[in-house]
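Position chain B relative to chain A; hints supplied.
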Amino acid sequence: MTPAVRFQNVSRRFGTVRAVDNLTLDIAEGEFFAMLGPSGSGKTTCLRLIAGFEQPDEGHIEIFGETAEGLPPYKRNVNTVFQDYALFPHMSVGENVAYGLMIKGVSRADRESQAKDALAMVKLSGFEARRAAQLSGGQRQRVALARALVNNPKVLLLDEPLGALDLKLREQMQEELKALQQSLGITFVFVTHDQGEALSMANRVAIFNEGRIVQAGSPEDVYERPRSRFVADFVGSSNVLAPDFASRHGGTRCWTSLRPEKIALAAPAAPVPEGHASADGTADLISYQGPVTRITVMSEGLRLVATVPATAGSVKQGDRVRLHWPRRAMFAMEDSA
Amino acid sequence: MSVAAAVERTGGFIERLSDVLFRRPRMLTLLLLLPPLIWIGVVYVGSLFALLLQSFYKLDDFSGLVVHELTLSTYAELIEEAHLQVILRTIVMSTMVTLACAIIAFPIAYYAARYARGWMKAAFYLAVMTPLWSSYLVKIYAWKLILAKEGIITWMAESLYLSWLLEAILALPVVGGPSLSFSYIGTFLVFVYIWIPYMILPIQAALERVPGNLIEASADLGADPGQTFRTVLLPLALPGIVAGSIFTFSLTLGDYIVPQIVGNSRLMIGQAVYTLQGTAGNIPLAAAFTVVPMAIMGLYLFMAKRMGAFDVL
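Chains A and B, in that order, are what the protein sequence lines are.
Using our numbering, the letters of the first sequence map in sequence onto residues 1 to 337.
Using our numbering, the letters of the second sequence map in sequence onto residues 1001 to 1313.
Bear in mind the hints are in silico, worked out from the structure with no lab data behind them.
Careful: at least some of the hints might be erroneous.
Just a few of them, taken from the derived set where beta-carbon distance is under 10 Å, the chain B residues facing chain A [stated by the list, open to error]: (1) A1005; (2) V1210; (3) N1213; (4) L1214; (5) A1217; (6) S1218; (7) P1225; (8) T1231; (9) V1232; (10) L1236.
With a straight-line cut-off of 20 Å between C-alpha atoms, the simulated DMTMM-like cross-links for lysine to aspartate or glutamate are [to be verified]: (11) A:K75 / B:D1224; (12) A:K75 / B:E1216; (13) A:K154 / A:E54; (14) A:K123 / A:E112; (15) A:K104 / B:E1158; (16) A:K123 / A:E95; (17) A:K154 / A:E62; (18) A:K316 / A:E274; (19) A:K178 / A:E54; (20) A:K123 / A:E176; (21) A:K104 / B:D1224; (22) A:K123 / A:E171; (23) A:K168 / A:E210; (24) B:K1144 / B:E1158; (25) A:K154 / B:E1158.
A partial selection of chain A residues facing chain B, derived with a Cβ cut-off under 8 Å [stated by the list, open to error]: (26) F53; (27) P72; (28) Y74; (29) H90.
Heads up, the beta-carbon is just placed ideally off N, CA and C, and yes, glycines get one too.
Chain B with its partners taken away, still in its complex shape:
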């Protein structure tokens, strides 16, 4: 009868290599991380740095060429009235979109995390994810048709004898316009629609981790549902809300397609960057504009951390 040896000392190159890596797990980690580190380090951070550098150059007004000298004059240009308005408009829009997404997403995420089971849960994921699978442009053009003067909303308002309401909404100063598809309201609606999955999923993940008996414990200790929401549910869901708002806020800050197709002709940061680096050829100012969302997001994360949004992680 043959007896298996207690110790095997055989094996080819691959086997010996895996033996070495088994003994040196750090080496394995390094080997696995090296390619993505090179990618992120050189290609991504490198180009980001190049972009930052561009914003400290300036455009020579006379020749239209970039002057490769370090200067702050491009930033001085950035805070001129017209450019500041672009920045402010974009920040207000991003804030409104983020707030609306959070308010609409929370109940949906709560339902999915706490009540949906089995096929209901599958249906939830499908409903949230499928819009992400279809083309971004198709969705936006679809919305343009929905919101247009000849679109379904106008038609519905007429059928329900609510045209006066639609007209009153469109007559609102600043946010209104000739039709929904040429107004801030329209831009806002489309933004909320396309970014909302990015808000629902993180909130749902955060709520999924809140044990049900914490809600019961809160009720047991005398808290009515409103108090439980404010003191237990909301603080525990906050990391998810912050994560979702990072998506919706930064995606809106940088987007240049939605406001181009649905909205009035006033620029947002993304469009300003697009125009400046393209037709105007003002790379330094375009670079300075892109620094703005980065600075805002950095500040936002810093404040969220200071307020303890990540304490429960």
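Same shape as in the complex, but just chain A:
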């Protein structure tokens, strides 16, 4: 099957900075694809290359099998939801949503009814006559989504669309976006620096660093089996065990990832369950986070972070504790970078 988006050895430089560096990537049709990475890692440039706002310096880009490089944005059947929504301030919500149709020359009656349907899809029926300035952040977000989707794009690009929303709203929009993507079947390409967002919404996640994809795979894959220290650290902060420490505590002599939530807390000298490895240390920082408590333990010169259920007892700073974790929770990484 033809991929929805294909990058072949694509590079984009700004001055001496390689924003995208020899990138090769396929995004399958109907996928919810997340590009995850710190700022400046090239994920947004990648999105802009698909949209057509940037052109590659080298390499080849295909959208549904057709060559995309050289094509301006207005000749590509992809639409973007911008980070700060980019709604037209001089138009009503209805006119904003119908803008793409107006440009295509769709008759007024048709585009009004299609805009109405699109607004209903994002749960904003009856908002047609309002101005963008009269809407809340979450509502603007929905208008931007409707304005893009009304054009039936082959690929929908979302550039950190939830970044400006507060936590509650963000969680709600995450679920809605996921449901929308499943019901429409359109390929979504989503840029974010929030690993929780990427893991919860996407079918596949690509982790970007310095213009390259360092790992791509299913959310479980990149979370459970990080291939490098960068991924282990960026996708849900992980304990990275040095090869020495790992080999002494039931692992192989490799840089090893150990997720904080896999670690259990016990009293000093408590028995270690079957199949578990253990380490003794001194509790340092303790931070209560509602459902869980995050405890930093200094053990053999290494800082280990454990997130334990909040009910796990009253450990105080300076207490001696024993940590233990299943041996199979330790994942040896190929890459020490």
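Below, chain B alone, put in the same frame as chain A:
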């Protein structure tokens, strides 16, 4: 060890005064606004009103004295053929100057707002502003020399074997004349030159406030650059264009120096006012003439508002 008090109750008169003003911010606003309000209210609006009143008096033809009785006969005089021509000529000139300024200023303002950064931006401001710092009269006389029959334009046309073109332009009816400096074309060129900064700056300010991603969003939704210009850029720049056109239009409507120095001998409103209040001593008619630009500008602003030019402000 001395401990600072939590509350200070000391201070001289000035300090106590600022305490009072801090508690009563409206009083502070009033104090700050009173002098300019008196200035605008009494000196400016007052004299404007006196001027308006003058236009409802008339000049006694026989004695040459102003008759202080309210009458509309001066306005009747204003719409006589010869005076109406002055008004019409001035309006056409102001409209042409405004249109030309808008067309020339837009790309310059667009470049400055969207692309110029760092020293390029400083250079832009300098290039636009420096002509405003030099004397208005010097600039106009300089233009007179440039446009004169012995001037650089004629010389260049000769050097490029384009004298026939210059002659053809000067042979045009109405706008032509014996030389560029004695034609409407010359007057028009000088007006465009001296007023254009007043058009560039407001448009640049308006475009500066248009976020770049609106242009991208428009392209993303399928609009080619022409469509983006018509449907996004132009409507958002319109308040700036209207603001600039208020300057260029009203400045041209009232100017009496440019057409005096560069142009043919036909009067514009400003010159008519100057002549009437000076040599002719016909203050009522001069006042009636000055009401015309005010009425036109009022009408223009009203229509601009009706057309939604200020909706995005």
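These are the hints, each one checked on the structure:
1. A least Cβ separation of about 39 Å between A1005 (chain B) and chain A goes past the 10 Å threshold, and the interface hint is therefore violated.
2. At its closest, the beta carbon of V1210 (chain B) sits 9 Å from a beta carbon of chain A; the interface hint therefore holds under the 10 Å criterion.
3. Checking N1213 (chain B) against chain A by beta carbon gives a least distance of about 4 Å; that is within 10 Å, so the hint holds.
4. For L1214 (chain B), the interface hint holds, since its Cβ comes within 10 Å of a Cβ in chain A; the closest pair sits about 5 Å apart.
5. Interface restraint check: A1217 (chain B) against chain A, minimum CB-CB distance 4 Å, threshold 10 Å, status holds.
6. For the restraint placing S1218 (chain B) at the interface with chain A, the shortest Cβ-Cβ distance is roughly 8 Å, inside the 10 Å limit, so the hint holds.
7. Below 10 Å, beta-carbon pairs count as interface contacts, and P1225 (chain B) has one with chain A at about 8 Å; its hint therefore holds.
8. For T1231 (chain B), the interface hint holds, the least distance from its beta-carbon to any beta-carbon of chain A being 8 Å, beneath 10 Å.
9. With a cut of 10 Å, the hint placing V1232 (chain B) at the interface with chain A holds, because the nearest CB-to-CB distance is about 6 Å.
10. For L1236 (chain B), the interface hint holds, since its Cβ comes within 10 Å of a Cβ in chain A; the closest pair sits about 6 Å apart.
11. About 8 Å separates the Cα atoms of K75 (chain A) and D1224 (chain B), which keeps this hinted pair within 20 Å; it holds.
12. Restraint check: the Cα-Cα separation between K75 (chain A) and E1216 (chain B) comes to about 13 Å, which is no more than 20 Å; the hinted pair holds.
13. Under the criterion of a C-alpha separation no larger than 20 Å, the hint pairing K154 (chain A) with E54 (chain A) is consistent with the structure, at around 19 Å.
14. Note on K123 (chain A) and E112 (chain A): the hinted pairing holds, with a Cα-Cα distance of about 16 Å set against a maximum of 20 Å.
15. Taking the CA atoms of K104 (chain A) and E1158 (chain B), the gap is about 52 Å. The hint is violated against a cut of 20 Å.
16. This hinted pair checks out: K123 (chain A) and E95 (chain A) have alpha carbons roughly 17 Å apart, not beyond 20 Å.
17. For the hint linking K154 (chain A) to E62 (chain A), the alpha-carbon distance of about 12 Å falls within 20 Å, and the restraint holds.
18. Only pairs whose Cα atoms come within 20 Å are accepted, and K316 (chain A) paired with E274 (chain A) is rejected, the gap being roughly 27 Å.
19. For the proposed pair K178 (chain A) and E54 (chain A), the alpha carbon gap of about 27 Å is over 20 Å, so the pair is violated.
20. Simply put, K123 (chain A) and E176 (chain A) have alpha-carbon atoms about 10 Å apart, close enough for the 20 Å limit, and the pair holds.
21. Note on K104 (chain A) and D1224 (chain B): the hinted pairing holds, with a Cα-Cα distance of about 11 Å set against a maximum of 20 Å.
22. Only pairs whose Cα atoms come within 20 Å are accepted, and K123 (chain A) paired with E171 (chain A) is accepted, the gap being roughly 16 Å.
23. Only pairs whose Cα atoms come within 20 Å are accepted, and K168 (chain A) paired with E210 (chain A) is rejected, the gap being roughly 31 Å.
24. Our distance criterion of 20 Å between C-alpha atoms is met by K1144 (chain B) and E1158 (chain B), whose separation comes to about 19 Å.
25. Our distance criterion of 20 Å between C-alpha atoms is broken by K154 (chain A) and E1158 (chain B), whose separation comes to about 61 Å.
26. Because the smallest distance between the Cβ of F53 (chain A) and any Cβ of chain B comes to about 6 Å, under 8 Å, the interface hint for this residue holds.
27. Interface restraint check for P72 (chain A): the shortest CB-CB distance to chain B comes to about 7 Å, inside 8 Å, so the restraint holds.
28. The beta carbon of Y74 (chain A) comes within 5 Å of a beta carbon in chain B, closer than 8 Å, and the hint placing it at the interface holds.
29. Among the interface hints, the one on H90 (chain A) holds; its C-beta lies about 5 Å from the nearest C-beta in chain B, closer than the 8 Å criterion.
Checked against the numbered hints given earlier, the structure breaks hints 1, 15, 18, 19, 23, 25 and satisfies all the rest.
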